[in-house]
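Turn these sequences into a full structure, and let the hints steer you where they fit.
So the protein lines, in turn, are chains A and B. If you read the first sequence in the numbering used here, its first letter stands for residue 2, the second for the next number, and so on. If you read the second sequence in the numbering used here, its first letter stands for residue 2, the second for the next number, and so on.
It is possible that part of the hints are untrue.
Unchecked claim - Calculated pairs, DSSO-like style, for lysine-lysine (alpha carbon to alpha carbon, straight line, at most 30 Å): (1) B:27 / A:30; (2) B:14 / A:70; (3) B:27 / A:71; (4) A:80 / B:27; (5) B:77 / B:14; (6) A:30 / A:202; (7) A:202 / B:77; (8) B:14 / A:71.
Said to hold, decoys possible - If you want a taste of the chain B side facing chain A, the calculated C-beta under 10 Å gives, among others: (9) 23; (10) 28; (11) 31; (12) 50; (13) 54; (14) 59; (15) 61; (16) 104; (17) 108; (18) 150; (19) 157.
Honestly, the hints are just simulated from the structure, not real lab data. Quick reminder that beta carbons are idealized off the backbone N, C-alpha and C, glycines included.
The residues making up each chain are set out below.
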Amino acid sequence: MAALDESYDEEHEGSEDEVEMTAAEALSKLEEAWLNEKFAPDLLETKADLVDCMLEQIQQMEDNLKRCKKGDMRILIHKMEIDRIRFVISSYLRLRLEKIEKFHEEILHRESGRKEEDPLLLSEQELSFAKEYSQSVKEHAKVLVLNHLPQNFQKLDREKTAPKPDLDQHVFLKANRNQDQVLIEPELEDDPSAEVVDLVKDSQYIMRFRPLVPLVTDGAVSLI
Amino acid sequence: MMDPAEVEFLAEKELVTIVPNFSHNKLYLISGDIGPFNPGLPLDVPLWLAVNLKQRQKCRIQPPEWMDVETLEAKKQEEKDSAVFESVMNPHFMEISKLLLTHAADDITNADEVHALIKDLWDIRAAKLRQSLDNLSLMEINTIRPFLTQALDNMHTLKMNSM
Numbered sequence: 002m003a004a005l006d007e008s009y010d011e012e013h014e015g016s017e018d019e020v021e022m023t024a025a026e027a028l029s030k031l032e033e034a035w036l037n038e039k040f041a042p043d044l045l046e047t048k049a050d051l052v053d054c055m056l057e058q059i060q061q062m063e064d065n066l067k068r069c070k071k072g073d074m075r076i077l078i079h080k081m082e083i084d085r086i087r088f089v090i091s092s093y094l095r096l097r098l099e100k101i102e103k104f105h106e107e108i109l110h111r112e113s114g115r116k117e118e119d120p121l122l123l124s125e126q127e128l129s130f131a132k133e134y135s136q137s138v139k140e141h142a143k144v145l146v147l148n149h150l151p152q153n154f155q156k157l158d159r160e161k162t163a164p165k166p167d168l169d170q171h172v173f174l175k176a177n178r179n180q181d182q183v184l185i186e187p188e189l190e191d192d193p194s195a196e197v198v199d200l201v202k203d204s205q206y207i208m209r210f211r212p213l214v215p216l217v218t219d220g221a222v223s224l225i
Numbered sequence: 002m003m004d005p006a007e008v009e010f011l012a013e014k015e016l017v018t019i020v021p022n023f024s025h026n027k028l029y030l031i032s033g034d035i036g037p038f039n040p041g042l043p044l045d046v047p048l049w050l051a052v053n054l055k056q057r058q059k060c061r062i063q064p065p066e067w068m069d070v071e072t073l074e075a076k077k078q079e080e081k082d083s084a085v086f087e088s089v090m091n092p093h094f095m096e097i098s099k100l101l102l103t104h105a106a107d108d109i110t111n112a113d114e115v116h117a118l119i120k121d122l123w124d125i126r127a128a129k130l131r132q133s134l135d136n137l138s139l140m141e142i143n144t145i146r147p148f149l150t151q152a153l154d155n156m157h158t159l160k161m162n163s164m
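So this is what it looks like as structure tokens:
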């Protein structure tokens with residue numbers, strides 16, 4: 002479609018995405034999602050659309066590079082960039098798979114309670130991975146231990162046994178815009194002594210992840 | 002936890018000025034357009050590209066303005082005299098210095114002195130780390146991440162249990 006001597010910025014505009022975004026913007030959004038995912042104790046909403054968008058860009062770029070003459074200095078430079086983007090994508094996906102493996106029960110439970118209009122937690126592939134993984138683990142527990150126990154001990158109670166992400170872990174963050182009166186102790190909601198903070202744009206903080214969840218989701222803060 | 006190499010990866014997106022010795026049309030990278038390249042004409046490129054071109058002897062790197070003995074000495078004094086963290090020249094000053102001093106030392110005037118000053122600045126700031134967070138660079142945050150976050154996690158548990 003596009004040749005190497007056309008700007009990628011202009012080319013991506015008008016794609017099927019609702020929000021029009023240049024390739025460079027999509028990349029920086031994905032990089033931010035990568036860091037958020039890295040530092041969040043819990044699995045965040047999937048950004049599969051950004052991953053797909055970047056994979057498409059890479060594919061296009063690689064097709065273009067195939068048409069380049071050998072020794073064209075652009076090949077090496079574009080390949081270096083592609084490697085950098087691939088690194089971010091694989092690291093991002095791996096981080097998510099790690100969390101899915103760790104919290105598969107909890108995540109599948111949440112996914113089954115998700116309403117149609119809620120944002121997607123898992124991509125299609127992640128969902129089928131989570132299901133298969135969970136199935137294998139259950140099967141394994143059954144064959145190895147549960148089947149050998151007395152009847153009344155053979156059930157696994159998700160509430161009691163499945164590991165859950167610890168939302169009370171502390172994280173570093175940077176405010177992307179001013180945000181007044183952030184309630185940082187949601188447990189004390191009705192208590193007048195509950196602490197609130199004003200986040201100042203570009204300032205850096207360290208606080209508990211739980212009250213930050215909505216702020217990370219809408220991009221008001223970035224985890225660092 | 003973040004690998005220092007990953008922090009360096011992020012720093013490699015910072016722009017630096019190079020003086021190429023070749024000519025080439027504009028490059029249309031996914032992350033944005035770069036160029037055109039003309040021999041002797043300075044232009045800004047991401048650090049990862051600058052280092053690569055330098056390694057292939059295709060350019061000279063113009064070190065950032067702050068990478069200079071006089072500026073760094075002033076910065077060091079300012080940091081020493083202050084009880085809090087002074088703003089740094091660039092949030093990635095440590096990684097950029099390391100990359101440039103490793104790969105383009107011949108382009109930096111008084112490279113040895115610059116190296117020593119950057120290290121002093123880092124040490125003074127590391128000593129202050131036990132106090133505040135603003136103006137901290139990612140590499141600095143990374144060095145105290147496990148200690149600080151776990152200490153606060155434990156304090157939160159204690160607080161919740163005593164309520």
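*asked:* Next item in the hint list is residue 61 (chain B). Is there a CB on chain A closer than 10 Å to its CB?
replied: The hint is violated - residue 61 (chain B) has no Cβ within 10 Å of chain A, the shortest such distance being about 17 Å.
*Let me know if the C-beta of residue 150 (chain B) comes in closer than 10 Å to any C-beta of chain A, holds or violated.*
Interface hint status for residue 150 (chain B): holds (4 Å vs cutoff 10 Å).
_residue 108 (chain B) as chain A interface residue, shortest Cβ-Cβ below 10 Å_ = With a closest approach of 20 Å, the residue 108 (chain B) hint is violated.
_Hint check: residue 202 (chain A) vs residue 77 (chain B), CA-CA at most 30 Å. Holds or violated?_
Roughly 27 Å separates the two Cα atoms, so the pair holds.
*Holds or violated: is the Cβ of residue 54 (chain B) closer than 10 Å to a Cβ in chain A?*
holds (9 Å)
*Does residue 14 (chain B) pair with residue 70 (chain A) here, judged by a C-alpha cut-off of 30 Å?*
holds (28 Å)
*For the hint on residue 28 (chain B), just tell me whether its beta-carbon gets within less than 10 Å of chain A.*
Holds - the Cβ of residue 28 (chain B) comes within 10 Å of chain A, reaching about 6 Å at its closest.
*Going straight from one Cα to the other, do residue 27 (chain B) and residue 71 (chain A) come out at no more than 30 Å?*
With Cα atoms ~19 Å apart, residue 27 (chain B) and residue 71 (chain A) stay inside 30 Å; holds.
*Does the structure keep residue 27 (chain B) and residue 30 (chain A) at a Cα separation of 30 Å or less?*
Distance ~24 Å between residue 27 (chain B) and residue 30 (chain A) Cα, so the pair holds.
_Cut-off 10 Å, beta-carbon criterion: hint that residue 50 (chain B) touches chain A_ = holds (6 Å)
_Hint consistency between residue 77 (chain B) and residue 14 (chain B) [alpha-carbon to alpha-carbon, up to 30 Å]_ = Within the cut-off at roughly 26 Å; holds.
*asked:* Hint validation: residue 157 (chain B) versus chain A, beta carbon distance must be below 10 Å. Holds or violated?
replied: holds (6 Å)
Going down the numbered hints, you'll see the structure goes against 15, 16, 17, while the others check out.
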